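> Residues per chain are reported as follows:
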Amino acid sequence: MVKKRKLRSLVSMKQNCYCLIFALTLCVAGVSPALADTSGAAQAKTIEAPKDNTADVAANWTIDPDRSSITFGGSESGNKFQGKIEKYEAAIVFDPENLEKTAVLLTFDMYTAKTGNASYDGALRGAEWLNIDRFPTAQFKLGSIVRQSGGGQAGDVQSADYTVTGDFTLAGVTKQISFPAHISITDRYQAEARASFVIPRLDYNIGRQADGDGTIVSQDIAVNVAIVAH
Amino acid sequence: MNDKNLVADHGRFSTLFPRYTNTAIALHWMIAISIIALLILGLTMEDFPKEYQRLAYQSHKSLGLTVLILSIVRIVWRLTHKVPPYPESMKLWEKVAAQIVHVGLYVLMLALPLTGWALVSSSPLGYPTIWFGLFEWPALPFFANVEDKKAISDTFGDVHGALAWICIALIVMHVGAALKHQFINHDGIMARMLPWLRKEN
Numbered sequence: 003m004v005k006k007r008k009l010r011s012l013v014s015m016k017q018n019c020y021c022l023i024f025a026l027t028l029c030v031a032g033v034s035p036a037l038a039d040t041s042g043a044a045q046a047k048t049i050e051a052p053k054d055n056t057a058d059v060a061a062n063w064t065i066d067p068d069r070s071s072i073t074f075g076g077s078e079s080g081n082k083f084q085g086k087i088e089k090y091e092a093a094i095v096f097d098p099e100n101l102e103k104t105a106v107l108l109t110f111d112m113y114t115a116k117t118g119n120a121s122y123d124g125a126l127r128g129a130e131w132l133n134i135d136r137f138p139t140a141q142f143k144l145g146s147i148v149r150q151s152g153g154g155q156a157g158d159v160q161s162a163d164y165t166v167t168g169d170f171t172l173a174g175v176t177k178q179i180s181f182p183a184h185i186s187i188t189d190r191y192q193a194e195a196r197a198s199f200v201i202p203r204l205d206y207n208i209g210r211q212a213d214g215d216g217t218i219v220s221q222d223i224a225v226n227v228a229i230v231a232h
Numbered sequence: 004m005n006d007k008n009l010v011a012d013h014g015r016f017s018t019l020f021p022r023y024t025n026t027a028i029a030l031h032w033m034i035a036i037s038i039i040a041l042l043i044l045g046l047t048m049e050d051f052p053k054e055y056q057r058l059a060y061q062s063h064k065s066l067g068l069t070v071l072i073l074s075i076v077r078i079v080w081r082l083t084h085k086v087p088p089y090p091e092s093m094k095l096w097e098k099v100a101a102q103i104v105h106v107g108l109y110v111l112m113l114a115l116p117l118t119g120w121a122l123v124s125s126s127p128l129g130y131p132t133i134w135f136g137l138f139e140w141p142a143l144p145f146f147a148n149v150e151d152k153k154a155i156s157d158t159f160g161d162v163h164g165a166l167a168w169i170c171i172a173l174i175v176m177h178v179g180a181a182l183k184h185q186f187i188n189h190d191g192i193m194a195r196m197l198p199w200l201r202k203e204n
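Top line first, the protein sequences correspond to chains A and B. When the count follows the working numbering, it moves up by one through the first sequence with no breaks and lands on 232 for the last residue. When the count follows the working numbering, it moves up by one through the second sequence with no breaks and lands on 204 for the last residue.
In short, the hints are calculated from the structure, not lab data. Computed from a predicted model, the values in this text were never measured in an experiment. For glycine and all other residues, C-beta sits at the position ideal for the given N, C-alpha and C. Mixed in with the good hints there might be a few duds.
As the list claims (entries may be wrong) - To give an idea of the chain B side of the interface with chain A (calculated C-beta under 10 Å), a few residues:
(1) 52
(2) 54
(3) 132
(4) 151
Starting from the given sequences, assemble the full structure and let the hints guide the process.
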């Protein structure tokens, strides 16, 4: 199951960005302009409890595993394969108005990386490929996130394209990767993030001895991330 | 020689030369058909269209390991049963040659699947064998932590291939001799192993 981990940085962020987050939550929630015209301080006082609650929701996210998927695919001997990582843990702090405070740590349980093809799955676990007995987890640790476009709101949706950079550890090898992601916050309780990028398996020495030139298994492994978080 | 004569011949000789048991006949032909299929598949599967190669390899591995099991059963049968003797009409060198070919075939029935199993087990590709898609056949354990898997696997591959050609040569001799006995010597030896004459026994 996805575990929710509160990061310590959240506390200071909450304090620093008190007004900003509050304003955001008002906007995202579609609060009427008349209400928004009211003095911020006065408003904050009157709805003290909900403010704390919504600030937490906007910053510290929990993935909905039933509506999220992390898949990978490639080709083997001319046949396409598609796999899924069933289990992963995520600690996500994200606020589109405070990108520098963003913190993402995804830890993937590689034993749950499966294609559904017994032959592929057996090979995948083996020493020459993902070497899962030795490296049971893969990890993505966010370094930076930069907004590329968007950021405005259309109705209740706040949506933008970002460039995400971070350290990805797979099969014992850590590489910095960078990829585009689209994140939309559909209301103050739900965010959707999508990213598609390619992992060159040989960067991580995956299958180097068995198939170092991609004759059998494609060198590029496509990764699709679709996350719904609350 | 037509079918009538074949049956007549068999009838005439069956008292002199007892037939192989139904178990032995069944094992012989299951293994024979499997080996011929394995040789054809083994010699062609590398040239299959890429998208069919995985299936071809899995089928070859599944059938080969089946032959290994059947051959063990067959060798146990062979060691625990008295087989029909060679006819008196056979010359000594013919008996010796037949015996050498038979022993050679028994050795290959074990050596071919074992070298194949070893080459798969040491292959750096690491594809498991899923026996006819049903369950995972384990890899031989000795090769899990070998340093240079590719060199070892390729060596087993070379041996496996060489044994296959020896097997083809022995099959040609075996089948050639059986046909010679049937159609030139008319000594009824081949009928002892033919399943469709079982009821006349």
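> Take the hints in turn and mark each one as holding or not.
So, going through the hints one by one against the coordinates:
1. 52: holds, 7 Å
2. 54: At about 4 Å, which falls below the 10 Å cut-off, the nearest Cβ of chain A leaves the hint on residue 54 of chain B intact, so it holds.
3. 132: It holds, given that the least Cβ distance between residue 132 of chain B and chain A is near 8 Å, below 10 Å.
4. 151: For residue 151 of chain B, the interface hint holds, since the closest Cβ of chain A sits about 9 Å away, which is under 10 Å.
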